[in-house]
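Protein chains in written order, with my numbering: chain A, 69 to 409; chain B, 69 to 409.
Treat the hints as calculated values from the structure; they're not laboratory data.
Predicted model, so just to flag it, every value in this text is computed and none were measured.
If several chains are the same, the list does not tell them apart, and a pair holds so long as it fits within one copy or across any two.
The calculated DSS-like cross-link candidates involving lysine-lysine, where the alpha carbons are at most 30 Å apart (straight line), are:
no., residue 1, residue 2
1, Lys-184, Lys-104
2, Lys-72, Lys-104
3, Lys-76, Lys-206
4, Lys-119, Lys-184
5, Lys-73, Lys-206
Spelled out from the first residue to the last, the chains are:
There are 2 protein chains.
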Amino acid sequence: MNLKKLSKILGLSQTTVSRALNNYPEVSEATRERVKAAAAQHNYRANIRAKSLATGRSMAIGHVIPISTRHEIVNPIFADFIAGAGEIYSRNHHDMLLSVVPDIDEERTYRELAAKASVDGVIVHGPRQNDPRIALLKSLGIPFVVHGRTSDGDTDYSWVDVNNRRSFERAANFLFDLGHIRLGLINGLEFMDFAKRRKDGFLAAHKTRGLHAHPVFMATGEMTEGFGYNKAQSMLGDPNPPTAFIVSSMIMAIGVRRAISDAQLKMGRDISVIIHDDALSYLPNGADIPIFTATKSSVHEAGKLCAQMLLDIIDAGDQTPRHTLLETDLTLGESTGPAPK
Amino acid sequence: MNLKKLSKILGLSQTTVSRALNNYPEVSEATRERVKAAAAQHNYRANIRAKSLATGRSMAIGHVIPISTRHEIVNPIFADFIAGAGEIYSRNHHDMLLSVVPDIDEERTYRELAAKASVDGVIVHGPRQNDPRIALLKSLGIPFVVHGRTSDGDTDYSWVDVNNRRSFERAANFLFDLGHIRLGLINGLEFMDFAKRRKDGFLAAHKTRGLHAHPVFMATGEMTEGFGYNKAQSMLGDPNPPTAFIVSSMIMAIGVRRAISDAQLKMGRDISVIIHDDALSYLPNGADIPIFTATKSSVHEAGKLCAQMLLDIIDAGDQTPRHTLLETDLTLGESTGPAPK
DNA sequence: GTGAAAGCGCTAACAT
DNA sequence: ATGTTAGCGCTTTCAC
Numbered sequence: 069m070n071l072k073k074l075s076k077i078l079g080l081s082q083t084t085v086s087r088a089l090n091n092y093p094e095v096s097e098a099t100r101e102r103v104k105a106a107a108a109q110h111n112y113r114a115n116i117r118a119k120s121l122a123t124g125r126s127m128a129i130g131h132v133i134p135i136s137t138r139h140e141i142v143n144p145i146f147a148d149f150i151a152g153a154g155e156i157y158s159r160n161h162h163d164m165l166l167s168v169v170p171d172i173d174e175e176r177t178y179r180e181l182a183a184k185a186s187v188d189g190v191i192v193h194g195p196r197q198n199d200p201r202i203a204l205l206k207s208l209g210i211p212f213v214v215h216g217r218t219s220d221g222d223t224d225y226s227w228v229d230v231n232n233r234r235s236f237e238r239a240a241n242f243l244f245d246l247g248h249i250r251l252g253l254i255n256g257l258e259f260m261d262f263a264k265r266r267k268d269g270f271l272a273a274h275k276t277r278g279l280h281a282h283p284v285f286m287a288t289g290e291m292t293e294g295f296g297y298n299k300a301q302s303m304l305g306d307p308n309p310p311t312a313f314i315v316s317s318m319i320m321a322i323g324v325r326r327a328i329s330d331a332q333l334k335m336g337r338d339i340s341v342i343i344h345d346d347a348l349s350y351l352p353n354g355a356d357i358p359i360f361t362a363t364k365s366s367v368h369e370a371g372k373l374c375a376q377m378l379l380d381i382i383d384a385g386d387q388t389p390r391h392t393l394l395e396t397d398l399t400l401g402e403s404t405g406p407a408p409k
Numbered sequence: 069m070n071l072k073k074l075s076k077i078l079g080l081s082q083t084t085v086s087r088a089l090n091n092y093p094e095v096s097e098a099t100r101e102r103v104k105a106a107a108a109q110h111n112y113r114a115n116i117r118a119k120s121l122a123t124g125r126s127m128a129i130g131h132v133i134p135i136s137t138r139h140e141i142v143n144p145i146f147a148d149f150i151a152g153a154g155e156i157y158s159r160n161h162h163d164m165l166l167s168v169v170p171d172i173d174e175e176r177t178y179r180e181l182a183a184k185a186s187v188d189g190v191i192v193h194g195p196r197q198n199d200p201r202i203a204l205l206k207s208l209g210i211p212f213v214v215h216g217r218t219s220d221g222d223t224d225y226s227w228v229d230v231n232n233r234r235s236f237e238r239a240a241n242f243l244f245d246l247g248h249i250r251l252g253l254i255n256g257l258e259f260m261d262f263a264k265r266r267k268d269g270f271l272a273a274h275k276t277r278g279l280h281a282h283p284v285f286m287a288t289g290e291m292t293e294g295f296g297y298n299k300a301q302s303m304l305g306d307p308n309p310p311t312a313f314i315v316s317s318m319i320m321a322i323g324v325r326r327a328i329s330d331a332q333l334k335m336g337r338d339i340s341v342i343i344h345d346d347a348l349s350y351l352p353n354g355a356d357i358p359i360f361t362a363t364k365s366s367v368h369e370a371g372k373l374c375a376q377m378l379l380d381i382i383d384a385g386d387q388t389p390r391h392t393l394l395e396t397d398l399t400l401g402e403s404t405g406p407a408p409k
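Take these sequences, add in the hints, and give me the full structure.
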């Protein structure tokens, strides 16, 4: 079914039918009703490509996922984010175009998206220091929103990010308030922006308390179970070990728990644990893992916000940068208790 | 830059330029070279929507991801699959359209995709028993490939699946060959097709050996760390416990290991473990988890195969069902050893 | 309030 | 080997 046929059936012009369907004011209510009924009856949906061609808007947002060489974009995070963004898109009748490309081809992909006019805007994932994509997209004139920030000076673009620094500062302060003095930090790789900010927050909390963060108690590395295990184990082996851990992801925390269990310690009594994880949903029923006690935020939420921000920018036709900084929730559980005597 | 301008610059007709760019044979080599050079120079890319409108092909494949109510489609699996499929698409100049929708709206989404003519075909994720989507897509006449199978009779559609049954049969037989007699199975929810097939394979191996699989040693439930821990712990508490586990996912295996560690057993000596996981990549560096010893296959591979199959079907214009059954690799490691005396 | 006609950027049949 | 023309399905002036 297409406009032509539908208008023929109705005995109206294509123009009127189009106007009725698109809620133009100049159509009489009677006609509109009749048109909409007929459209529904014949399951008519405007051909999106024809529509795009005529309007110059593609009604699609692009997500470019660079693959392989680097793994800054951890899969589960990405899935959660996409789910959030997707919700917003479908609610606003936009499509989501996913390009999974070797990171070498990333620039070419952006150029193509722009030249082929297949999207109205793009979301940038996993920003790096001085990220070249930002300059590229600016020069291409295509609206974009970055999920995360680069740590360098230039923040002259739109972004949505979690307040990682503050989140870790709060977690540390919370433990200090419970009487803990020696905290262990199990963190991700520090060349990743979020990990650096988390460490900064951790250090800031120490500073205001006049405490010293022992370098040995600040581990940075791949976010794996094994890494969490190894680092927690070695920290616990210290003659003067930490009495609490702040862990940068659930998967590492699982390793931390194993180390605690090996050391015959009881969580919440002998040792406390706080986890920060943005994407708990990738561990189905993550919460049934008894270690769970976390500062909780959500990439899912970030996905929604990025998508909404981008649509707003496109809608407004105004590209002055916007920023959203997400705060985290501190949810407590049985794995966190006062410092042991 | 568009065709019109480009052809004007070249002093040729749009037709010739189009033909040159699309590698039509009737264009002279000299012209083609000239045209391609100019196109490259001006960074010309055909407007994809105009092209689609003219050709009737959208050059896009749809993936509909139902969200929320059910969680059969575990995020990480999905991410890995998408990455594989995406590779194939970009290699073949297709776009990937992702629709994340509440599962209630799934049918409507398919109808829309068809009516709006926004995709040339779709991939169906997470098939259920007597899945209504299959009938729907057939009636809509839109080419599709299913990732997985429904267990019911009707396999009159194209699918790509892993040979779960055979994989678990082999794993069990491998352990039997090592002298194990009592095996524990830690499996996913059995209403999910793959879990059922896995159990079938497990049982089949027992049968050919004349062995009896104790129901208490076959656990089925949510694929979480906690579930793996609880079940392994209770099985190990049996007066006559299993000497080996076959585990249906890495995350459950992490729980299994914790239980083993709690029980003061040494893996590979006192107790063996084999893991089957289709999507190891979602645990970054999954292999550094020392428990790792797995029958390994890959959803990533499945994604590629689904995508390729769908493109072939679309290309051939022939919808007779095709099937691909993926076999798994059995990779051994230090967590698997002979049965203890 | 409704319609006729042009045009979005491309491809494809039909010339030549 | 190249050009002319029509048309894909829609929106959008412009006219009535």
